[in-house]
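J.: Listed in order, the protein sequences are those of chains P and B. With this note's numbering, the residue at position 399 of the first sequence is 399, and numbering never jumps. Quick note, this note's numbering runs 577 ahead of the 1-based positions in the second sequence.
Since the hints were derived computationally from the structure, they do not count as laboratory data. Careful: at least some of the hints might be erroneous.
[Stated by the list, open to error] Which chain P residues stay away from chain B? Per the calculated CB distances, all over 10 angstroms, these: (1) Ser-506; (2) Val-509; (3) Arg-524; (4) Phe-548.
[Unchecked claim] With beta-carbon atoms standing in for the labels, derived distance ranges: (5) Glu-674/B x Thr-120/P: 36 to 46 angstroms; (6) Glu-557/P x Gly-682/B: 27 to 37 angstroms; (7) Thr-120/P x Leu-660/B: 33 to 43 angstroms; (8) Gly-107/P x Val-744/B: 27 to 37 angstroms; (9) Ala-745/B x Leu-364/P: 48 to 58 angstroms; (10) Gly-16/P x Glu-674/B: 53 to 63 angstroms.
Computed from a prediction, not measured in an experiment: that's the story for all the values here. Positions of the beta carbon are idealized from the N, C-alpha and C atoms, including for glycine.
Here are the chains, one letter per residue:
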Amino acid sequence: MSAPVRPQRVTSLADGEWHRLHPASPLLRGGLALLAVLGFIIANLRERLVDMFLVLFAPDAAPAFDTGSGGFGDDWANDPLGGIIANGLVGWAIAGVGVVIALLVVGFWLSWRLHTFRVTHEAVEVQSGILFRSHRSARLDRIQGINVTRPLFARLFGTAKLEVSVAGQSANVQLAYLGSALADGLRADILRLASGARAARAATAVAAAGTTAPGAAAAAGATTAIGTTEDAATATGAASAPVDAAAPGVPAYASRIHVPAVIGHRVDEFLAPELDPTLAPPESVVHLPLGRVIGSTFLGGSIIWLLILVAVIAVGFGTGQWWVLFSFVPAVIGLVSYVWSRITKSLRYSIAGTPDGVRIGHGLLSTGNQTIPPGRVHAIEVSQWILWRPFGWWSIRINVAGQSVSASNDAAQRTLVLPVGTVADVHRVLGLLLPDAASAIAQVLDAGLTGRSGTGGYSRTPARAAWLRPFSWRRIGWTLAGGVALLRRGWLQRSLIFVPLARMQSVAVAAGPIARMLRLASVRIHTVAGPVTASLPVVDRAEGFALFERLADEAVELAARDTSDHWGARAEAADAR
Amino acid sequence: MPDAAQHDEPVEAAPTVEAPAAASDTGWHRVSPKYVVVEVVGSLIGMVVFVGAFAIAYLVWGQWWWLWGAVVVGVMSLVGIALEPRRVRSIAYRLREDDLLFRRGIMFQRQVAVPYGRMQLVDITRGPVARVLGLADLKFVTAAAATAVTVPGLPMEEADRLRDHLVALAETRRAGL
Numbered sequence: 001m002s003a004p005v006r007p008q009r010v011t012s013l014a015d016g017e018w019h020r021l022h023p024a025s026p027l028l029r030g031g032l033a034l035l036a037v038l039g040f041i042i043a044n045l046r047e048r049l050v051d052m053f054l055v056l057f058a059p060d061a062a063p064a065f066d067t068g069s070g071g072f073g074d075d076w077a078n079d080p081l082g083g084i085i086a087n088g089l090v091g092w093a094i095a096g097v098g099v100v101i102a103l104l105v106v107g108f109w110l111s112w113r114l115h116t117f118r119v120t121h122e123a124v125e126v127q128s129g130i131l132f133r134s135h136r137s138a139r140l141d142r143i144q145g146i147n148v149t150r151p152l153f154a155r156l157f158g159t160a161k162l163e164v165s166v167a168g169q170s171a172n173v174q175l176a177y178l179g180s181a182l183a184d185g186l187r188a189d190i191l192r193l194a195s196g197a198r199a200a201r202a203a204t205a206v207a208a209a210g211t212t213a214p215g216a217a218a219a220a221g222a223t224t225a226i227g228t229t230e231d232a233a234t235a236t237g238a239a240s241a242p243v244d245a246a247a248p249g250v251p252a253y254a255s256r257i258h259v260p261a262v263i264g265h266r267v268d269e270f271l272a273p274e275l276d277p278t279l280a281p282p283e284s285v286v287h288l289p290l291g292r293v294i295g296s297t298f299l300g301g302s303i304i305w306l307l308i309l310v311a312v313i314a315v316g317f318g319t320g321q322w323w324v325l326f327s328f329v330p331a332v333i334g335l336v337s338y339v340w341s342r343i344t345k346s347l348r349y350s351i352a353g354t355p356d357g358v359r360i361g362h363g364l365l366s367t368g369n370q371t372i373p374p375g376r377v378h379a380i381e382v383s384q385w386i387l388w389r390p391f392g393w394w395s396i397r398i399n400v401a402g403q404s405v406s407a408s409n410d411a412a413q414r415t416l417v418l419p420v421g422t423v424a425d426v427h428r429v430l431g432l433l434l435p436d437a438a439s440a441i442a443q444v445l446d447a448g449l450t451g452r453s454g455t456g457g458y459s460r461t462p463a464r465a466a467w468l469r470p471f472s473w474r475r476i477g478w479t480l481a482g483g484v485a486l487l488r489r490g491w492l493q494r495s496l497i498f499v500p501l502a503r504m505q506s507v508a509v510a511a512g513p514i515a516r517m518l519r520l521a522s523v524r525i526h527t528v529a530g531p532v533t534a535s536l537p538v539v540d541r542a543e544g545f546a547l548f549e550r551l552a553d554e555a556v557e558l559a560a561r562d563t564s565d566h567w568g569a570r571a572e573a574a575d576a577r
Numbered sequence: 578m579p580d581a582a583q584h585d586e587p588v589e590a591a592p593t594v595e596a597p598a599a600a601s602d603t604g605w606h607r608v609s610p611k612y613v614v615v616e617v618v619g620s621l622i623g624m625v626v627f628v629g630a631f632a633i634a635y636l637v638w639g640q641w642w643w644l645w646g647a648v649v650v651g652v653m654s655l656v657g658i659a660l661e662p663r664r665v666r667s668i669a670y671r672l673r674e675d676d677l678l679f680r681r682g683i684m685f686q687r688q689v690a691v692p693y694g695r696m697q698l699v700d701i702t703r704g705p706v707a708r709v710l711g712l713a714d715l716k717f718v719t720a721a722a723a724t725a726v727t728v729p730g731l732p733m734e735e736a737d738r739l740r741d742h743l744v745a746l747a748e749t750r751r752a753g754l
């Protein structure tokens, strides 16, 4: 390791120096699996071990062992432990186990020692690996989102995992694990660096924070980092010195010595609301009652599958087809666990706007906390399944670059911005996701959610489209508002899709033989991969081509004007004006 | 090989690209008519493989309907080959001031607009038949997989020039994701 690694007693990790992860991270990453394996082996060999110690310490008190296993003491395949004892290899076995444990500990220690990261004003860089070194860096201006997750075990250790997603499949930079408070501070620092906020601003913040009470020292340390990285030469050195003095080793590592204090700290972290009150407005704009979460889950599509599976199992049971049990019960278990995870993840759901993006928190035992910086949302879909219609519930999904397309639970969770909410919730969440176009969208939103046939500023689909879309043709329509294309569609599952044209990748208009016979066409807006597909399935042919031209023109114009990826610099320009 | 002059529409068949500075509208360009050969050779190979498989099956098992299968596949392939010149003529691209338009298809028509600033990379690929004819395929990749714009059958030097031109354009109009 050539780069100098600073001691861990720091309050900010975003100072451009190389840092190490939390010392418990190898244990949390891989060690828990090892412990589980060890526990499993020990639990299974418990009787053998008891016998073994009886043999060792009280040879004449274990007649059962001698008589019971004397016959198969040489049977290595079935009873390796018996074989070891019978052949007098106990010492070798213990030595072998000791060597394995020592190798593992050294391996863990080395992997921790060689796993370093740093945050400069250009990129987040991570070096890792013992034999095969890898060096990964994520440019700050390409950051698509930052997730802080706290699995249950990590929470017990007071640690958190920080994941920086950048565009590209599996290109994410993971910092697993960091101290809980440090992870939150680092997230804020990375976002502030990425926002393009200028050094002068940060330096004044440092000066202001340096004079405040020690309670605010963590925040002050966070701003120090920007000062040191952005503008190392000038006054920042002087500015950061009093801050360090005012904050002698704030939370995580330094308090390790005082055991009661550390326990109190853990309890505080466990009970504290997921959104740190100093980093975000304290109240979420959406409140999810428990009843709605459970009700919506049971009225979702999964409940139909559950009913079908239960019916199949019941029929199989009735007719004596026992194989049905073996093939369908696992499916039921999987479905139930999916429903359960959906409910637990929706508990303590919160969404709030911060200066550095939309913050979404969720989870009861394992908590997750995701920040989407401004200008990173490529498409939004507000949808309502038919069984949700009587209750007026809607859910919101988004396309974000870098989130895996795979249907893995984790990725699906991250693209689900609002699990279930009312129309008022939808208004508020859209206001957060599309802040620039919020007022323009609010006027056409209600017509887009439930309206039909050309109401509220949407286009009217010609009646001949009923040949292609017999149920939903009245719903299908489009409009443009505030630089966002709105596509309304769907009957069984109503949906309204928003595409900010500044982030449209390309647009296509297509027509097959039948559509051409009916003088129809379909328009599709291409965005980065995700759960939302922005397409208008049928539209009058001439209108479709006009829409195509209009989208292509406006996309170019809006993309040239768009500055939301440097939101901090923009806010500063607005302040200066 | 049909020459450019034989086209009934006033479309430039051998396109030329101006210097990167002048990114004004160039009108629709067709791909090289020689690309018909590439498509026909591909279709012929497919036809020979399928018809041959049916013929062998007929010889081995001796059931008459294998022969009918061979005839149906052969006729369908020949119809497809007959339509090939029209299909190739339907492939066209157009460099506008701020975006690239691409269209193709007679039965299933599709037209795509890709803003230059959205291009992540430009890829040139050449198959064996295309290489003999001096042709290349130019593929545009954006952050969206669905964009799927591949201009086939460009003369090699033309493809190189177009690639450089587009890269230069994308550089000047670079936007975020």
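J.: When the hints from earlier in the document are held up against this structure, which numbers fail?
T.: Those not satisfied are hints 1, 2, 3, 4, 7, 8 and 10.
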